[in-house]
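Join the two chains into one complex using the hints; note that each chain is given alone, in its own frame.
Residue-level listing of the chains:
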Amino acid sequence: MKRLTLLIALVLCATAIYGQDFLTKSKVSGSFQIDGNYYWEDKGIGITEEDINGESFGAYGFGKLQYQLGNFTAGMRFEAYQTTPMSGFDSRVKGMGVANFFATYDNGTIGVTVGDIYDQFGNGLVFRTYEEWTLGFDNSLRGIRAVFRPYDGVTIKGIYGKQRLYWAKYDNVSAAEERGLVRGIDGEWDLNSSITSLNGSKFRAALGASFVSKYEADSKLHVGDIDLIMPQNVAAYSGRMNLGYGRFGFSTEYARKINDPSSFNNYIYNEGQELLASLSYSQKGLGMVLQVKRVDNMSFKSNRLATQNDLDIGFIPPLNYTHTHSLPSMFSYATQPLGEMGIQFQVNYTIPKKTLLGGKYGTKLAFNYSQVNDIKRDSINVDGVNMINQPGTKGYTSSFFAIGDRMFYRDFNFEIEKKISAKWNLTLMYINLYYDMETIEGHPMAEPVEAHFAFGEVIYKINKKHSVRVELQHMWDNVGMDQEIDPIYEDNYNKRGNWMAFLVEYTIAPKWFVSVADKYNYGNPIAEKRDHYFTGSIGYIKDQTRIALSGGRQSEGLVCVGGVCRAVPASSGLSLTITTSF
Amino acid sequence: MKKLFAFLLFGFMFFGLNAQNKSDLPNITLKNLDGQSVNVAEINNDGKPFVMTFWATWCGPCVKEHNALTEVYDDWVEETGVKIFSVSIDDARSTAKIRPFVDGKGWPFEILLDVNKDLARAMNVSNPPHTFLFDGDGKIVWQHTGYLDGGEEDLYQEILKISK
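Residue numbers (numbering that gives the first Met the number 0), protein chains in the order written: chain W, 0 to 581; chain E, 0 to 163.
Here chain E stands alone, though its shape is the one from the complex (with noise of 0.2 Å):
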């Protein structure tokens, strides 16, 4: 076992090389609301900068945050093009609640469902809500753990800085 694990890793690591990563996001398949598969890695807002919230329905503090975000969307995309992607770490006992609850909250936000937490690990989000920033490359540039009324504001400074 130890063995094939080591060889493994060595094989893996040499075709790692090979492959071009462009931004911070991991390689990993998520569904999003239609049930369509998206790869996180091909991610992007056309060269403008994007943020992306983890979030759950159990969540009292991602629900304020998501609710706060949206009274500000439209000002924020006009004045910067930012795009919101918004990725719920419920699990199976919520997928098919998800679509109903962000439409009956009216969020505008592309969501996406990391079922088993993949994305989640793999970005090291331990609690939600945890936001990033990414500039137009897909790089992080700011991030932020929990919420508090009032905390969309630090965000948008942070937008506005990367935004030309």
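So that you can see chain W by itself, here it is in the shape it has in the complex (with noise of 0.2 Å):
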């Protein structure tokens, strides 16, 4: 609250000295959005007053307030989460007040920024703090950030400061609340742009490297029956380099960190490395990409002690395609810091208007492999005795270029986008997907997902605004209907066996949408979980505010952004959202 008075006291003070300039050249914008829910209990789908609790009532909401003045911007975020346990976010993020604030100067030369802090160099690597509101997720940085471009495509950027855990205070906290120094510096050079000659050229060129260290002050910490030295500053670097000749792009970033023993890793002194490669190739109506990346012990937190998603420093980019669809968008994959390979493969292609199969208006294909497997760790020998993983050692090694025998994910589609006429258009996308249920969830003993799944989507233009859209989806499982389930595992098929799902949806652009759905899971081994989850939705549009309310059952599954996931359990109830901004 005092940050607030601040605030109005400055720009009231600022007013009083220039006046009528002041006013005119002052921009206030802000944003909101409130996310409220109300559950109920549903014994069909196994929720019961005892899972509720008490609290059938979850509110979310956040305010956003910026003020600017030419090169001058300061901004605030209230926030108030009031969770429940059927939300399905972590019980910390509980709480209301003013979780960010931040004022900046930037010239276009010179920047400093003080506050919370979002940026991240490179790829993020080894740097990358963000906000994902739907995740409750936020690993700003409090600490103050400089920019300096002394010349035409060179960036240098420097950060210091102290990471957002929740709600906890920044000093003084328990040691699980604790959070480590986190400094960096980024430099990027764009040879295209500051050497004249290759102004317009085909070769295109752009350098950058990090240097990132965290700093905590504990160096004991006892774990098991063994005391452990811990290094108190922990480094992690990054080079990265972005090539271009014509059509073709080539850009690749390599990031190491130091040895960091963490409650994540298990404590072990192993160095960690990362490499993101991409090659691409397009041109008007077609583009390629191929992609690969391997992690080894990259968890980066500035407090050892965390687990989860706490207090990451660095991001791990995953490569495999995002689905939407509400069938494959259940089998999400969430990054695996602790080592990863992947690959991923995409093309899309417009097959051109006028021809025999682009028709009057083009064909739109996509294909798309990815598929990440565990690296492969071989034990070291410790006095005598092989051991992998054993807090206080090295931990295992392991070979660069060796894929490990585990695959966490495999993911092959095709799409087709076809418009037909001026009234109709057509989707239809074949999806076959490998699921690593216990890696990717945690399910121990988990059976594999290997699905087959069919979308598609058909919409009417019935006129220039009301149109009709219909959704069919089916999945085929490998875990069949008459599946022996061992009742101790019960809970790792709550979402297992086929499923069908169909929508319709109804819309007056660009103002209203109503639309009905109902996914069955009616190949659920367990004849109790054979359940539909009908949802019904109405939304109206307004500019840039838009209102939704929906009911129904919501299936259990994981809502992720960007690799990093959140579990939310199967629910049933109300939920209304409001977005706008000024």
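Take these hints with a grain of salt, some might be off.
Below 30 Å or equal to it, Euclidean Cα-Cα: the simulated DSS-like pairs (lysine-lysine) are [unchecked claim]:
| no. | chain 1 | residue 1 | chain 2 | residue 2 |
| --- | --- | --- | --- | --- |
| 1 | W | 283 | W | 463 |
| 2 | W | 375 | W | 422 |
| 3 | W | 283 | W | 393 |
| 4 | E | 104 | W | 510 |
| 5 | W | 510 | E | 30 |
| 6 | E | 82 | W | 283 |
| 7 | E | 116 | E | 163 |
| 8 | W | 201 | E | 30 |
| 9 | W | 283 | E | 47 |
| 10 | W | 283 | W | 359 |
| 11 | W | 161 | W | 219 |
| 12 | W | 24 | E | 160 |
| 13 | W | 352 | W | 219 |
| 14 | E | 82 | W | 541 |
| 15 | E | 30 | W | 161 |
Calculated from the structure, these hints are not laboratory results.
Next comes the structure, spelled out in structure tokens:
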């Protein structure tokens, strides 16, 4: 509250000094969002009064206010999370207050920000702070950032601060809420912008490098029955380049991290490394990209005791395709910071208009293949004993190019989108998915999902404003209806077996939409779990304001953004979302 | 920390005043598909209106909106001289995929990469798609969140209102 008062006082004070000039140049903007949920008992999908635990109402909202005057910007964000057991948020997110405030001055050559900072170096491998409302995720850095652009194409950035951990204070906190200092510097040089002879050249090149260090004061830790000496400073660094020639592009980033024993990696002293590389070709109507990735022991957090998604300093980009249709999105991939090797190949092609296959409007094709495996780990010899992943040791050795036997995820999919006439539009998709549920969701002994999906969507435009959209989906799972299930592992089968789903949506552009949908787990091996998840929603959009109300059943699933996931339990109820900005 | 904050805040405001800010676009630097830096505050369309739309590869309605805008773009440009800037808010996972994705779909717009949502935050974009219409001076005259089939017609009516 003090900060708000301070901010208002300053604005008023400056207004008094500069008068008219100040008022005409000042800009105030902002946005807010409210999500309200009302949950009820639904024995059909196993939700009892006990699950709800008297907390049937959940509400989450934020309000953002921003003030701009020329090169100066200041802002704050108020957040309120009234979480409930049914919402699936981490319970620590519960609370309210001014979660974020900042002030920036940036004249294009020099920029300084103080407050809570969001930024990333390169692809974010060694530093990325961001906020994802739907996940309840925010790892912003409270401190200072300076940006310096001395010449065209050259950018140097420095950051210094402590990360946000839900509502925990920044000083004088318990060991679990303690956060180390994060300091970093990043430089980037875009050759085409700074070397005039390369201006307009077919050859493009940009280089960058980052260095980040975290400092934690404690150097001793008792793990199990051993005393370990912890590194107080952990450095991570990376180099990157982007090269292009005409229609070809190549970009890569390689990062290393020195020994960083943590609760997350079971206190091993291995170094971490990560490689990301992409090769692409594109021309009008055709785009292809091949990407590879290797991650080895790259969890990098500002508190070595932190688990889950807390206090990540670095970001590990997932490579796989993001499914948005309701059935395949139940099986979204979560990145594995301890080790993974991935490959992804994607082609987008538009069959030109006025050809045999393209027809009057052209036909859009997309093909995608992604696979992620574990890395291969070999045991190490410690005092004559072969061991792997033991606290206080180097953990393991791993050959850079050796792929682990365990496959975490594989996705092969193909999509055709065709505008048939001015009124009809058709989309068809086939997906073949392998999903290691045990690793991705942390369910012990869960059988991997090996499923096929078919998706079809038809849009019929009744007239310029009115449209009907119908979506049909089916999933064929490798777990059949008659499979014997060990009662201990029943929970691993909550969403297994065949599914079918439909959705019908009627829209009146640009303002109204109404839809009904059902997902039916008719092939679940457990008869009581063969449930319908029926939902209805209605929404209204006016300019930048959107109001949506929906009701019905929500199946158990993962909400994932950028490989970071939040598990959401099955629930039944009503939800209302209002967003607007000004 | 608080004193430093207050001190810097005041200093920034003082300097802020001396700057001429013509448009509603913030002073944020993004990359285009060639990897070159673009200062968003300098974006303009030679005095003609322009559109800025926020999207992501994982956002179905965004892709639909872009496909629909592609269909009508040539006509709109001919009629009004409008230009569309399309800002991807995909994170680093997709940075290398955007160019092949956009080219593969045949989208003719000027693409900017807002990899850590700096511009989206500054322009109060919560959920994509979010579309802004700017007049020739770079002032926001209309905005809309979401896309429903046929919604591009509404945008066109707004463009017609401000293009002479």
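(message) Hint check: residue 82(E) vs residue 283(W), CA-CA at most 30 Å. Holds or violated?
(response) holds, 19 Å
(message) So if I understand the rule, the pair passes when the alpha-carbon distance is 30 Å or less; does residue 283(W) with residue 47(E) pass?
(response) Between residue 283(W) and residue 47(E) the Cα gap is close to 26 Å, so the pair holds against 30 Å.
(message) Hinted pair, alpha-carbon criterion (30 Å max): residue 201(W), residue 30(E). Please report holds or violated.
(response) Measuring from Cα to Cα gives roughly 17 Å; hence the hint holds.
(message) Just to be careful, I want the Cα atoms of residue 116(E) and residue 163(E) compared with a cutoff of 30 Å; is the pair within it?
(response) Distance of about 34 Å is beyond 30 Å: violated.
(message) Just to be careful, I want the Cα atoms of residue 104(E) and residue 510(W) compared with a cutoff of 30 Å; is the pair within it?
(response) It holds: about 27 Å lies between the C-alpha atoms, which stays within 30 Å.
(request) With a cut-off of 30 Å on the C-alpha distance, tell me whether residue 375(W) and residue 422(W) pass. (result) violated, 53 Å
(message) Check the hint pairing residue 161(W) with residue 219(W) against an upper bound of 30 Å on the C-alpha distance.
(response) holds, 21 Å
(request) Compare the distance between the alpha carbons of residue 24(W) and residue 160(E) with 30 Å, and conclude whether the hinted pair is satisfied. (result) Status holds; Cα separation ~26 Å.
(message) Can you confirm whether the C-alpha distance between residue 352(W) and residue 219(W) stays at or below 30 Å?
(response) violated, 68 Å
(request) Sort out whether residue 359(W) lies within 30 Å of residue 283(W), counting only the CA atoms. (result) holds, 18 Å
(request) Mind checking the alpha carbons of residue 30(E) and residue 161(W) for me, to see if they're no more than 30 Å apart? (result) At roughly 28 Å apart (the allowed maximum being 30 Å), residue 161(W) and residue 30(E) satisfy the hint.
(message) So if I understand the rule, the pair passes when the alpha-carbon distance is 30 Å or less; does residue 283(W) with residue 393(W) pass?
(response) Judged against 30 Å, a Cα distance of about 50 Å means the pair is violated.
Of the numbered hints stated above, those contradicted by the structure are hints 2, 3, 5, 7, 13, listed in ascending order.
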